[in-house]
Structure formats: C-alpha cells, structure tokens
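As they're listed, the protein sequences go chains X and E. According to our numbering, the first sequence is numbered sequentially starting from 103. According to our numbering, the second sequence is numbered sequentially starting from 387.
Errors might be hidden in some of the hints.
[As the list claims (entries may be wrong)] Computed cross-link-like contacts, DSS-like style, restricted to lysine-lysine with a CA-CA straight-line distance of at most 30 Å:
(1) X:K151 - X:K170
(2) X:K163 - E:K412
(3) X:K218 - X:K151
(4) E:K412 - X:K151
(5) X:K218 - X:K163
(6) E:K399 - E:K412
Hints are computed from structural coordinates only; laboratory data are not their basis.
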Amino acid sequence: AQSVTQPDIHITVSEGASLELRCNYSYGATPYLFWYVQSPGQGLQLLLKYFSGDTLVQGIKGFEAEFKRSQSSFNLRKPSVHWSDAAEYFCAVGPPHGSSNTGKLIFGQGTTLQVKP
Amino acid sequence: DAGVTQSPTHLIKTRGQQVTLRCSPKSGHDTVSWYQQALGQGPQFIFQYYEEEERQRGNFPDRFSGHQFPNYSSELNVNALLLGDSALYLCASSTGPKERNNSPLHFGNGTRLTVT
Numbered sequence: 103a104q105s106v107t108q109p110d111i112h113i114t115v116s117e118g119a120s121l122e123l124r125c126n127y128s129y130g131a132t133p134y135l136f137w138y139v140q141s142p143g144q145g146l147q148l149l150l151k152y153f154s155g156d157t158l159v160q161g162i163k164g165f166e167a168e169f170k171r172s173q174s175s176f177n178l179r180k181p182s183v184h185w186s187d188a189a190e191y192f193c194a195v196g197p198p199h200g201s202s203n204t205g206k207l208i209f210g211q212g213t214t215l216q217v218k219p
Numbered sequence: 387d388a389g390v391t392q393s394p395t396h397l398i399k400t401r402g403q404q405v406t407l408r409c410s411p412k413s414g415h416d417t418v419s420w421y422q423q424a425l426g427q428g429p430q431f432i433f434q435y436y437e438e439e440e441r442q443r444g445n446f447p448d449r450f451s452g453h454q455f456p457n458y459s460s461e462l463n464v465n466a467l468l469l470g471d472s473a474l475y476l477c478a479s480s481t482g483p484k485e486r487n488n489s490p491l492h493f494g495n496g497t498r499l500t501v502t
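Using the sequences and the hints given, assemble the complete structure.
Spelled out as structure tokens, the structure:
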C-alpha cells in the first residue's frame with residue numbers, strides 16, 4: 103500500500119539551531135516527493151519538490167531535502183531555524199513522471215514544529 | 387496573480403444538511419483537486435476534476451460529489467452531513483494531466499466546515 107510516515111508528531115528546537123524532519127514513504131515506483139508547510143488557519147505552501155536528478159534539492163526559506171532511494175526517505179533540513187518557521191510540515195508523495203494520475207498526493211500525518219526563543 | 391481562492395472561509399451546518407464549497411483555481415491552471423483535512427491529520431484526497439469531468443477519486447462515499455465549470459472553477463458538494471465531515475476542505479489547482487509534468491499543486495486557504 104502507498105503511504106507516507108512522518109515519525110515525529112511534534113518537534114521543538116531553539117531558534118538558530120539546526121532542524122531535520124523525517125519522512126519515509128512506501129510506493130510502487132520512485133514517486134515525486136514534496137514538502138509542504140501549513141501555518142495556522144492557512145492552506146499548504148510548497149517548500150520544495152523532488153522529481154529526478156540531484157538527490158539534494160533546495161527549496162524556499164532556506165530549506166533543503168535529501169532523497170535517499172535505499173532508505174525510501176526524503177528528510178527535510180534547515181541549518182538555522184527562525185521563529186517564523188514554527189508551523190505544521192507535511193511530506194507528500196505523488197505518482198511518477200509521465201503518469202496521468204497527477205494531483206492525487208498522499209500526505210503524511212504532519213510534524214508540528216515549535217521554535218523556542 | 388491571484389492564487390487559489392476558496393469560499394466561504396468558515397461554515398457551520400447541522401447533521402443531515404447539505405453543503406456546497408467553491409474554488410477558483412490559480413490563473414493558468416485547469417485542474418482542480420479537493421482534499422479533506424481532519425484536525426491533526428494530513429490532507430486526504432477526495433477527487434480531481436479536469437475538463438469538467440471527475441478524473442480520479444479517493445476513498446470517499448458518494449455523498450461527496452463535485453463539479454467543474456467551463457472557467458475551471460469547481461464546487462464540492464457534501465450531502466447528508468455527518469459529524470465526522472467536520473474538517474478543513476482544501477482546494478488545489480494545477481495544470482492538466484495531459485501535461486504529464488506533475489505540476490505542483492497550489493493550495494487555497496481552505497473552508498473550515500463544522501457539523502453540529
């Protein structure tokens with residue numbers, strides 16, 4: 103079955119500290135991979151995506167993620183967290199390139215990031 | 387450049403009633419997908435509309451139905467509301483499947499539906 107697991111429901115880090123949010127997926131083929139961020143009362147904003155090629159992808163707001171095929175993981179990282187990064191983060195997978203099933207993403211349960219001053 | 391817009395932002399309904407939620411896609415997008423996000427959960431795919439037809443459907447009952455108009459806007463209808471239908475309903479737009487480029491979804495801010 104296709105699924106996304108975000109093992110950490112809640113993470114607290116100090117401002118200026120580094121961050122890593124974990125994401126593992128189960129999918130029949132190498133899917134497209136996404137990280138979205140959701141602030142309270144808001145929709146989801148795309149942070150970054152991986153389609154193919156270089157396994158380290160850069161996103162907005164200083165975030166990056168690394169795709170590791172052998173581990174079926176796509177972890178999100180940021181070297182120095184800012185208080186404004188406090189939000190809910192979702193990892194998602196979608197069908198591979200060339201598929202007609204675009205739009206049907208499978209989301210993880212989310213990780214809530216709290217930033218201590 | 388207007389993004390994805392949804393209306394209304396909040397809605398309170400009673401069990402058994404029917405509700406219609408509306409979505410206008412981002413300019414240049416022709417495909418609309420709907421997601422349900424229960425409290426504390428990730429979004430779950432309901433269905434997708436392209437060329438005014440339902441193209442894909444997630445694991446939701448027939449009480450959930452939709453429509454897409456020639457201007458690409460879309461409606462989500464839910465009949466016979468249950469308490470469990472209380473959630474944030476998100477609309478997302480993208481370019482069509484024929485592009486086969488998995489254009490990323492752009493999400494609206496959602497409609498918060500409360501069923502009492």
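Each hint tested on the structure:
1. Among the hinted pairs, K151 of chain X with K170 of chain X is consistent with the structure: their alpha-carbon atoms are about 14 Å apart, no more than 30 Å.
2. For the given pair, K163 of chain X sits about 22 Å from K412 of chain E by alpha-carbon distance, which is consistent with the 30 Å threshold.
3. Between K218 of chain X and K151 of chain X, the direct Cα distance comes to roughly 28 Å. Compliance with the 30 Å bound is thereby established for this hinted pair.
4. With a C-alpha separation of about 19 Å, the suggested pairing of K412 of chain E with K151 of chain X holds against the 30 Å cut-off.
5. Using a Cα cut-off of 30 Å, the hinted pair K218 of chain X and K163 of chain X holds, with the two alpha carbons roughly 18 Å apart.
6. Annotation: proposed proximity of K399 of chain E to K412 of chain E holds, straight-line Cα distance about 28 Å (limit 30 Å).
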